[in-house]
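Colleague: Chains as they are written, first to last, in this note's numbering: chain G, 1 to 518; chain H, 1 to 107; chain V, 1 to 172.
Among the hints, a few may not be true.
As the list claims (entries may be wrong) - Label-pair ranges, simulated between beta-carbon atoms: (1) G:L30 <-> V:F72: 23 to 33 Å; (2) V:A104 <-> G:P506: 47 to 57 Å; (3) G:G107 <-> V:L33: 38 to 48 Å; (4) G:S509 <-> V:L157: 38 to 48 Å.
To be verified - Quick partial rundown of chain V residues pointing at chain G, CB under 8 Å, derived from the structure: (5) L60; (6) A109; (7) P149; (8) I152; (9) V166; (10) I167.
As the list claims (entries may be wrong) - To be clear about the criterion: a stretch of chain V counts as covered by chain H if any three or more of its residues have a C-beta under 8 Å from a C-beta of chain H, and this derived list gives those stretches: (11) 35-48; (12) 93-104.
Read the hints as simulated data drawn from the structure, not as lab findings.
A virtual CB, placed ideally from N, CA and C, is assigned to each residue, including glycine.
Residues per chain are reported as follows:
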Amino acid sequence: MAFTYAISGGDWARIAPELALLVAALLVMLVDALIPARLRGALVIIGVMGVLAALAGVIMLYASSGSPSAFGGMVTSDPLALFATLVILAATGLSLLLSPGYIERQGTRQQGEFYALVMLAATGMVLMAASTNLMMIFLGLELLSLPLYVLCAFAPGQQRAQESGMKYFLLSSFASGFLLYGMALIYGATGATNLGGINHFVATHAMSATAGFGPILLGGMALLAVGLAFKVSAIPFHAWTPDVYQGALTPVTALMSVGTKMAAFVALIRVFDVALAPVRADWQGIMWALAILTMVGGNILAATQTNVKRLLAYSSIAHAGYLLIGIALGTQAGIAALLYYMAAYAVMNVGAFGVVLALERVAGLGTNLDDYRGLASRRPALAAALAVFLFALAGIPGTAGFVAKYAIFAAAVTGGHAELTIIGVVASMIGFYYYLRVIWAMYFVPAPDMPAAEAANANPHLSLAGLNSAVVTKLAASGTPLAFSAGLALALALIGTLGLGIFPAPLISLARQAAGLP
Amino acid sequence: MLLSLNSFLVLGALLFCIGLFGALSKRNAISVLMGIEIMLNAVNITLVAFSSAFQHSAHGARLSGQVFAVFIITVAAAEAAVALATIIAIYRRKSSVDVTEINMMKW
Amino acid sequence: MDLASIVFLVLAAILVGSALAVVTLRNIVHAALFLVLVFGAAAGIYILLNAEFIAIVQILVYAGAVTILILFAIMLTQNPNSRGSNPMNRQALIAAFIAAALCAGIIFALSQNNAISAAASQAVTQNAGTAVAIGNLLYSPTSYSYVLPFEIATLVLLVAIVGAIVIGREED
Numbered sequence: 001m002a003f004t005y006a007i008s009g010g011d012w013a014r015i016a017p018e019l020a021l022l023v024a025a026l027l028v029m030l031v032d033a034l035i036p037a038r039l040r041g042a043l044v045i046i047g048v049m050g051v052l053a054a055l056a057g058v059i060m061l062y063a064s065s066g067s068p069s070a071f072g073g074m075v076t077s078d079p080l081a082l083f084a085t086l087v088i089l090a091a092t093g094l095s096l097l098l099s100p101g102y103i104e105r106q107g108t109r110q111q112g113e114f115y116a117l118v119m120l121a122a123t124g125m126v127l128m129a130a131s132t133n134l135m136m137i138f139l140g141l142e143l144l145s146l147p148l149y150v151l152c153a154f155a156p157g158q159q160r161a162q163e164s165g166m167k168y169f170l171l172s173s174f175a176s177g178f179l180l181y182g183m184a185l186i187y188g189a190t191g192a193t194n195l196g197g198i199n200h201f202v203a204t205h206a207m208s209a210t211a212g213f214g215p216i217l218l219g220g221m222a223l224l225a226v227g228l229a230f231k232v233s234a235i236p237f238h239a240w241t242p243d244v245y246q247g248a249l250t251p252v253t254a255l256m257s258v259g260t261k262m263a264a265f266v267a268l269i270r271v272f273d274v275a276l277a278p279v280r281a282d283w284q285g286i287m288w289a290l291a292i293l294t295m296v297g298g299n300i301l302a303a304t305q306t307n308v309k310r311l312l313a314y315s316s317i318a319h320a321g322y323l324l325i326g327i328a329l330g331t332q333a334g335i336a337a338l339l340y341y342m343a344a345y346a347v348m349n350v351g352a353f354g355v356v357l358a359l360e361r362v363a364g365l366g367t368n369l370d371d372y373r374g375l376a377s378r379r380p381a382l383a384a385a386l387a388v389f390l391f392a393l394a395g396i397p398g399t400a401g402f403v404a405k406y407a408i409f410a411a412a413v414t415g416g417h418a419e420l421t422i423i424g425v426v427a428s429m430i431g432f433y434y435y436l437r438v439i440w441a442m443y444f445v446p447a448p449d450m451p452a453a454e455a456a457n458a459n460p461h462l463s464l465a466g467l468n469s470a471v472v473t474k475l476a477a478s479g480t481p482l483a484f485s486a487g488l489a490l491a492l493a494l495i496g497t498l499g500l501g502i503f504p505a506p507l508i509s510l511a512r513q514a515a516g517l518p
Numbered sequence: 001m002l003l004s005l006n007s008f009l010v011l012g013a014l015l016f017c018i019g020l021f022g023a024l025s026k027r028n029a030i031s032v033l034m035g036i037e038i039m040l041n042a043v044n045i046t047l048v049a050f051s052s053a054f055q056h057s058a059h060g061a062r063l064s065g066q067v068f069a070v071f072i073i074t075v076a077a078a079e080a081a082v083a084l085a086t087i088i089a090i091y092r093r094k095s096s097v098d099v100t101e102i103n104m105m106k107w
Numbered sequence: 001m002d003l004a005s006i007v008f009l010v011l012a013a014i015l016v017g018s019a020l021a022v023v024t025l026r027n028i029v030h031a032a033l034f035l036v037l038v039f040g041a042a043a044g045i046y047i048l049l050n051a052e053f054i055a056i057v058q059i060l061v062y063a064g065a066v067t068i069l070i071l072f073a074i075m076l077t078q079n080p081n082s083r084g085s086n087p088m089n090r091q092a093l094i095a096a097f098i099a100a101a102l103c104a105g106i107i108f109a110l111s112q113n114n115a116i117s118a119a120a121s122q123a124v125t126q127n128a129g130t131a132v133a134i135g136n137l138l139y140s141p142t143s144y145s146y147v148l149p150f151e152i153a154t155l156v157l158l159v160a161i162v163g164a165i166v167i168g169r170e171e172d
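I would like the entire structure built from these sequences, with the hints used as guidance.
Modeller: Next up, the structure:
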């Protein structure tokens, strides 16, 4: 049998960002084995360099010409993939910068593995966003999920972390089952696993709910939609999100909330808005209902929360609802708005989690709304930063969040779905309430009467964590100092949140290019 | 015509739903995992059945169903390893693998 | 009724029966043993579909490795003699309803479908040497390349190794 090796160097160049992240992950593991334990904190430098190298790869691919498709149509480096890669790299880089100091404070000894798994998860996210084949979408999804299961279970000595890892695993592989069954039925109906082939088949064959391949395709689409809805935590498939986001280490939560969403939304765009565009009438209703349920439900549930990490988890569900509008519209303007929204969401959400992380003490303590009372007088800089991020998440003008919401609601109106805009605006009003509640607590409610140190000493969880009370008192009284890299990450997120709000034009044109608009 | 494609597909659908029931109704994390494994097996049967049926179709993807099944088996094994490590780690701490609080359908 | 049909009927009955046993039995060790039967009967189905390679992989990975993993996990976490080691949760009825509804929906979709026959001529066709064909697809990238998925699968396995060690390591 002739053995023709048809993969060229050009194919590998098309996945340069993924390769850079992967090489960084492997380097972290290698160096981890060679250096003494006390230097392991420095491994984050390799990770950040990997992110920067991947960024260079993205810029190179933006500049390159020729067909973006590689590996026989398995992956692509089209503008959509590159834009998603930028968002994922931003989230990965910021999460990495937030980690030093924090993960040591949480008692993590296996720092090498932590950074290596973060980089591998990022590789999976970028790959999933670049996939143009159902098989690659599945493998990218698993490559991003599997490290995240492990990272969720990472905090040593914390039962809640391990249970959140278990819960994430069970629900996620349950969702993978639906996703795969949907893919199998779509493959059966169209005879192809590559999205181009599926699109070709759907476009050239008459489809209807009762004839031809229609019924099987319809079932496949529904199951695939359920599977991906789990991954973007759309209601009613969101049950895992609050517990997992609350239980995991905060940098992992930040990465997960942005990176997984971005990758899964690109998969939704590629499968539904592009490949299955000819049968839009069949799936639009599902996405429309998911968007409304998720927007309204996420905001209402968030308003009842008293833990800030949990509140941000429900807020991330609500934002998934706004993003689903972009999918449901199915127009290029909707996709462009979704992409811009995702970029804005990346900086403001990672920033908000960054402040939570800076205030968090061991074992998830210090994340309750009560702990934020009077924060403005104790840590004015952090309180101001969190206020900006929350205003952005709420969509106040002058921030990235406002431009993003405006873009997606405008796209809904021009796309002929004004009802989505109206419901979205109403849901955002509920959103104002709970974001402002945190800001109100920080600025206008005095700190609790009992000194924080006493409260911490009275708390049995802390003594369980095996810390001597002197350390606890010190941590609780003064708050933990902000590590330099975490400060840098917060500053970058702040610049991004305000910069994208005041000068949105360059990124909007990039998003429009990614959506195929002039 | 028992060996028609549809009989294999119906078998896959039945198995998928039995696995789904197992994954949703169990309290023991290992049982939930067993339910998920049955679901994945059902998917593989569906894929291989389609793949066999497409032998003569024009697409270059004739065997992609079988290749897909190989990847699903690989990933499922990897997932099982991580899951069981987590289950044992939880058990060491808690002496229980009851997942009632890991409730799949919690609102 | 020809031999293949009889074999299919027997295998399908074993599959459905033992899958039901896995999800309903009260003793988790028995459930795990019936899971082996599910995996084995599925391998038989693959042979019936002329997918010998998948059948062998199924036996090696599922019936071999995954079953052993599950049995080890049960051994380490349960008292195997306890009868109620595999209880249902409170939502078993809702779960049964969801599963039955989904099953009815999918089977209805399958029965509505008549065009599959056009592409697939209903009967499952003969094809020899799928192991060779799959090997060629995986390793020699010509028109339809699986080299990249193959590499990604190796990465997934790497993550599983690292992850299992990280999680399973005794904290000292």
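Colleague: Now, for every hint given, state plainly whether the structure supports it.
Modeller: Hints, verified against the model:
At roughly 30 Å, the beta carbons of G:L30 and V:F72 sit within the given window of 23 to 33 Å. At about 52 Å, the beta-carbon gap between V:A104 and G:P506 stays in the expected band of 47 to 57 Å. Hint check: G:G107 to V:L33, Cβ distance near 40 Å, so the stated range 38 to 48 Å holds. For the pair G:S509 and V:L157, the supplied restraint of 38 to 48 Å holds, since their beta-carbon distance comes to about 41 Å.
The interface hint given for V:L60 is broken, as the beta carbon of that residue sits about 20 Å from the closest beta carbon of chain G, more than 8 Å. Against a cut-off of 8 Å between C-beta atoms, the interface hint on V:A109 holds, since the closest Cβ of chain G lies about 4 Å away. The beta carbon of V:P149 comes within 5 Å of a beta carbon in chain G, closer than 8 Å, and the hint placing it at the interface holds. The beta carbon of V:I152 is positioned within 8 Å of a beta carbon in chain G (closest approach about 4 Å), and the interface hint is therefore held.
Against a cut-off of 8 Å between C-beta atoms, the interface hint on V:V166 holds, since the closest Cβ of chain G lies about 5 Å away. Among the interface hints, the one on V:I167 holds; its C-beta lies about 6 Å from the nearest C-beta in chain G, closer than the 8 Å criterion. Coverage of the stretch 35-48 of chain V by chain H holds [criterion: at least 3 residues with CB-CB distance below 8 Å; count 7]. Residues of the stretch 93-104 of chain V lying with their CB closer than 8 Å to a CB of chain H number 8, which satisfies the three-residue condition for coverage.
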